[in-house]
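Participant: Residue numbers (this note's numbering), protein chains in the order written: chain R, 26 to 133; chain Z, 40 to 171.
Worth flagging that the hints you see were computed from the coordinates, not collected in a lab.
It cannot be assumed that every hint is accurate.
[Claimed, not checked] Just a few of them, taken from the derived set where beta-carbon distance is under 7 Å, the chain Z residues facing chain R:
id, residue
1, Met63
2, Phe66
3, Leu125
[Claimed, not checked] Calculated lysine-lysine pairs in the DSSO-like style (CA-CA distance at most 30 Å, straight line):
id, chain 1, residue 1, chain 2, residue 2
4, Z, Lys148, R, Lys128
5, Z, Lys148, Z, Lys78
6, R, Lys127, Z, Lys148
7, Z, Lys78, Z, Lys139
[Claimed, not checked] Reference listing, derived: stretches of chain R covered by chain Z, where coverage requires no fewer than 3 residues with Cβ under 8 Å from a Cβ of chain Z:
id, stretch
8, 39–47
9, 54–66
10, 78–88
11, 96–105
12, 112–123
Quantities reported herein were computed from a predicted structural model and do not represent experimental measurements.
Using N, Cα and C, we set each Cβ at its ideal position, and we do this for glycine too.
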Amino acid sequence: MPDLFAQLGPIGASFLAFATTVGLGMLIISFFLTVFRLVRGPSLADRVLSLDFLFTLGMTFIAIFIVATGRTVYLDIAIALGLVGFLATVAYARFVYRRWRKKESESD
Amino acid sequence: MIDLIAGIFVLSGATFCLIAAIGMVRFPDLYVRMHAATKAGTLGVGLALMAVVVFGAVSGDLGTVLRALAALLFVLLTAPIGAHLLARAAYATGVEMWHKSEVDDLRGKYDFSRDVLIGDGGATDEASEDRS
Chain R
26 MPDLFAQLGP
36 IGASFLAFAT
46 TVGLGMLIIS
56 FFLTVFRLVR
66 GPSLADRVLS
76 LDFLFTLGMT
86 FIAIFIVATG
96 RTVYLDIAIA
106 LGLVGFLATV
116 AYARFVYRRW
126 RKKESESD
Chain Z
40 MIDLIAGIFV
50 LSGATFCLIA
60 AIGMVRFPDL
70 YVRMHAATKA
80 GTLGVGLALM
90 AVVVFGAVSG
100 DLGTVLRALA
110 ALLFVLLTAP
120 IGAHLLARAA
130 YATGVEMWHK
140 SEVDDLRGKY
150 DFSRDVLIGD
160 GGATDEASED
170 RS
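Whole structure, please, built from the sequences with the hints as guidance.
Facilitator: As structure tokens, this is what we get:
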């Protein structure tokens, strides 16, 4: 287990363990709610927004996981996930927009 | 004391993420949902990363603190840009607003197929034509 729990003593460690467990549980519920919107979402833009929010939830999950287990190497994965999530959102937004423009110019 | 701060950061970050996810399901249209996902979601991930900053500071690991701060800065910079691009694309493609939303200041004032403003002195910029 990490250095932090050893430094804190039993009471502090138990509060942090409680907080991370409850926090990860909340995030799992959030994942399911967002996936519901991803499946349901009426428009393509709704689905893109859900994907973007799933990336944000993934970063939050990794951050809480780092505090819970002390494995700080996972922070690099969180940064990479944020980068990929941003690029995916930009690419999808441009895809939605350009597909509409193409359709628009064909209908003229 | 430190464990209390880190634990509160973790709990509040997870709570904001859960509130944003509930908003994603409950809110009526894309633009309102975007409000929940971008604002509350960014605050949630920011608070969770602040917990990592506190964790790194306690364990005396400067690299973790700096990387967590860099990730926080990156999220704060990119989340509004992505949301803006997505909202613009959704508005251009005609995603419907909620029937109770009344104000739409952009309606009929912007030609998305040519990227120009309509009216208002006809401020057409030729440079925007080849940007897409």
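Participant: Evaluate each hint against the coordinates.
Facilitator: These are the hints, each one checked on the structure:
1. Met63: Because about 5 Å separates Met63(Z) from the closest Cβ in chain R, which is inside the 7 Å limit, the hint holds.
2. Phe66: Violated, because the Cβ-Cβ distance from Phe66(Z) to chain R comes to roughly 10 Å (cut-off 7 Å).
3. Leu125: holds, 5 Å
4. Lys148(Z) with Lys128(R): Holds, because 21 Å separates the two Cα atoms, which is no more than 30 Å.
5. Lys148(Z) with Lys78(Z): Holds: Lys148(Z) and Lys78(Z) sit about 27 Å apart, inside 30 Å.
6. Lys127(R) with Lys148(Z): Holds, at about 21 Å.
7. Lys78(Z) with Lys139(Z): Between Lys78(Z) and Lys139(Z) the Cα gap is close to 22 Å, so the pair holds against 30 Å.
8. 39–47: Our answer is that it holds, as 6 residues pass the Cβ test (under 8 Å) against chain Z, meeting three.
9. 54–66: holds (count 7)
10. 78–88: Coverage by chain Z holds for the stretch 78–88 of chain R (6 residues, Cβ < 8 Å).
11. 96–105: Holds, because 5 residues of the stretch 96–105 of chain R bring their Cβ atoms closer than 8 Å to Cβ atoms of chain Z.
12. 112–123: holds (count 8)
Violated hint for the displayed structure: number 2, the only one.
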